[in-house]
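Undergrad: Protein sequences, first through last, are from chains C and X. All the letters of the first sequence, read from the start, carry residue numbers 1 to 413 under my numbering. All the letters of the second sequence, read from the start, carry residue numbers 1 to 410 under my numbering.
There could be a bad hint or two in this list.
To be verified - Below, computed lysine to any residue pairings styled on SDA-like, alpha-carbon distance capped at 25 Å:
#1 X:K118 to C:K131
#2 C:K147 to X:Q278
#3 C:K123 to C:K168
#4 X:K137 to C:Q169
#5 X:K137 to C:L276
#6 C:K131 to C:K168
#7 C:K168 to C:N199
#8 C:K162 to X:A194
#9 C:K111 to X:W350
#10 C:K147 to X:N196
#11 C:K87 to X:A194
#12 C:K111 to X:Q379
#13 C:K123 to C:S96
#14 C:K123 to C:E93
#15 X:K137 to C:T174
Keep in mind the hints are simulated off the structure, nothing from the lab. As the structure is a computational prediction, the values presented were derived from the model and not from experiment.
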Amino acid sequence: MTFDAASQKADVDKAVVEDAGLLALLRREWAALWQDPWQLALISYIPLLGVLCLWWLFSAGLPRQLPVAIVDQDNSQLSRMLGRQLKANPVTEPQSFSSLPAAVEAMQQAKVYALVVFPKDLKHDLLRGQKPTIDVRYNSQFLLVGKLLSSQIQLSLADGLKQVAGIKQLASGTPKSQVEVNLTPVKSQATALFNRNNNYIGFLVPPVLVALWQLLAMLVMANSLNRELQFTSVNSIDSLTSHFIPKVLAKMLLFTPLFMLQGGFILTWLYHYLALPQAGNLTYLLLAQAFMLMAVWSLVLLVFVLMRDSARVISFCTALFAPAFAFMGVTFPTHEMPQLAQWWRLIMPSSHYMESHVGVVSYGESASSLASQLIGYWPFFCLIPLSLLLARRLFSQGAQPLNEPKNATEKAY
Amino acid sequence: MANLTAQHQASFPNSSPKSAPQSAALSLWQLVLLELSAIVRDKAIAVTLFGGVLFYSILYPLPYQHQVPTEQQLIVVDLDHSSLSRRLIRHADASAKIEVIGQVGSISEAQTFIETGKAHGLLVIPEGFRRDLMLGKGVTLSYGGDASYFLIYSAVAEGLVSAGLDAGKQVQMIGMLTQGKAAKQAQMSVNSIALNSVPAFNPSLGYTPYVVPGLFLLILHQTLLIGTGILGAGQWRQRGYWLDVSPLQLVCGRMLAFLLIYIVFTSFYIGYCYHWYQVSVQASFGLVALWLLPFLLATAAAGVAMSSLFVRRDLPTQVLLLLSMPILFVSGFVWPIALIPEPLVLASQWIPAVPAIMGMLELNQMGASWGSVLPKWLQLWALFGLFLGLAVLGVKRRAAAYVKALEQHS
């Protein structure tokens, strides 16, 4: 766009603003959205691609057939039987290594995630009543995989060893019915509550998508507000100050339904198409999403009013929202975070939303407890009048010199 | 450890440009100075680079400061009320992973505790627990953990499995002793083979040593791309020093300027922050520096190449922000590469951060040999070559476009 076109566009824009009916302003926002390919991308194909790509990344859902190195120094019937036990476990995929150094190297290169060593004389020692040791090393640099493998390998091996002990007891004359009880008098039955098969899609993908959605919402609102800066120094009068409140209102009115569509798409994709388990009413979540969007809008508005420079608004909002995923408390429990992190967490609209999301999806939360969560957004809503008040003061103070030199250069495109 | 200082000295061989011809060296260094002042004077870049790098080094690891989830609140439904069930509860409470916060009369009551977030797990001790055990019948303990939160569930499960196993062994021992077996023999047949399961590489099982190494390289990667992106995007449509030098010179000067800044940032992250967050360090200083050199070069070149695609200063940050999460997850330390669809893995190999993160983890966290990470190191050099070419091409196109626009205007 040339300099002239920009000022022409600004004139048209000014006329619309002077007209200032909400409907006219809405139309103005719609036209602006339609003219900006990047904004259009942010509300159309980028969310679609992002949601599908992130889901595809985690689509395996359950860690299966993770490579595990086996070094069998005993090579007996017993060690082979234990190896078969590991093969039978769907999580582990044993790979034989002839030497320990080769297995260690494979582990260091992340080609295998765990290492099991059956020592020489395993069977011999067992028969002679000595207590041999089976060494298991799991890669805890990959915490998620490491923890899983540690427990699965132990379960598989313990199962195999129990069979051995059972045969021993049978041989010593214990009745068959009693052997099982002798071996494991206390059985335990574990239930993964609310995510029954411990599927990672159910646990990891919703917060990842919510984090992405929040970033998109932040960017779209920041860009839309930044667009107002384009016209500030082209016109002799500062059009940023005129009708600022209705303009902001028009933006919110336009973008809230657009983003609710995206949020609705995420919910439909996860809980209808992929049919992840869901206990509560999903329409409650749409309400929670609307509240979250309002909170995002109010934060971006505050940053915009304070910064009033397009690149800086984006930088600051990025710094604010980029780490939101870590603070949601899904990968790492909230109550284990230090106090400072728990405070920072409260600033992020997404952490408030995730509480409602888990509440509704997992616990089938009732409308009343959802309502009490939604009331928690009040500090965000106080920011809106505060920002508008601030805008009135700051804009009128710095109306003329307001980042004039910078904008003059940015105007060129 | 002893050879660290020696390697320290060896890794920076004469960095002064004395040997180069005087005039050429002067113009290159003048260019670097111009670049540096452009970076520092541009508030958006300065905030992203200096502010962002410092801010993220604190903010990202902040939630994980307490490392391992411990003492998850557990609610108990004791339907047996026997000496043995009380003993089991004490056992569970003694586990570092679990804190018993109370007992309720029914499972549905326990569920409400979990749904309101007061407890994260429940244990049900069935009626007749002690009697059945003493009669030699098997009993089943039920327990559950809130699997909406992965680490909570695994902590509850680990704590309860070990408490349950302990209780089982105790009962077995008592049973065998009453049958008249010798204590030692009884002990023997309870555990005939020992399983020694030990974590390798991150012995504390801490969350920061798990997240920080990969995450910090990604932050360096993203901020470097954003910095070069904003600088380029702001310049292409204006007359400036960038037109006074050849595209190759500009790209080299720009990379050198950012490299000078990023050597400081990288030393801060890999040096001080690793130490602060107790990340284990296995490779020597020299090897780590050698590893990071093509990473920074390839990233800087990719940044300049990418910057030639933008003329709006606020766009590079937005694009890279949206790419951050996918790059983080595809780099293979959060979610195993073995489970990521092959096309995504192949596509990600063109991003410098992906081979750099995995190689760094292998080299520095898991102690792999230089030989085994060499292919990834060469891959980084190849990416550097590729992006250098693209960067020169991109700057050339921008310069030609500017000249053309100027001619049209006049």
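Undergrad: Please go over all the hints and tell whether each is borne out by the structure.
TA: Comparing the hints with the structure gives:
Pair hint K118 (chain X) plus K131 (chain C) does not hold up; C-alpha atoms about 43 Å apart against a cutoff of 25 Å. Annotation: proposed proximity of K147 (chain C) to Q278 (chain X) holds, straight-line Cα distance about 20 Å (limit 25 Å). For the given pair, K123 (chain C) sits about 13 Å from K168 (chain C) by alpha-carbon distance, which is consistent with the 25 Å threshold. With a C-alpha separation of about 17 Å, the suggested pair K137 (chain X) and Q169 (chain C) falls inside the 25 Å cut-off, and the hint holds.
Distance hint between K137 (chain X) and L276 (chain C) is unfulfilled; the C-alpha atoms sit about 39 Å from each other, more than 25 Å. Under the criterion of a C-alpha separation no larger than 25 Å, the hint pairing K131 (chain C) with K168 (chain C) is consistent with the structure, at around 15 Å. Taking the CA atoms of K168 (chain C) and N199 (chain C), the gap is near 38 Å; set against the 25 Å cutoff, the hint is violated. For the hint linking K162 (chain C) to A194 (chain X), the alpha-carbon distance of about 12 Å falls within 25 Å, and the restraint holds.
This hinted pair checks out: K111 (chain C) and W350 (chain X) have alpha carbons roughly 21 Å apart, not beyond 25 Å. As the CA atoms of K147 (chain C) and N196 (chain X) are separated by approximately 14 Å, the hinted pair is consistent with the 25 Å bound. Of the supplied pair hints, the one linking K87 (chain C) and A194 (chain X) holds, its CA atoms being roughly 20 Å apart against a limit of 25 Å. Only pairs whose Cα atoms come within 25 Å are accepted, and K111 (chain C) paired with Q379 (chain X) is accepted, the gap being roughly 18 Å.
Of the supplied pair hints, the one linking K123 (chain C) and S96 (chain C) holds, its CA atoms being roughly 19 Å apart against a limit of 25 Å. For the suggested pair K123 (chain C) and E93 (chain C), the alpha carbons sit about 23 Å apart, so the restraint of at most 25 Å is met. As the CA atoms of K137 (chain X) and T174 (chain C) are separated by approximately 15 Å, the hinted pair is consistent with the 25 Å bound.
In this structure, the hints that do not hold are numbers 1, 5, 7, in rising order.
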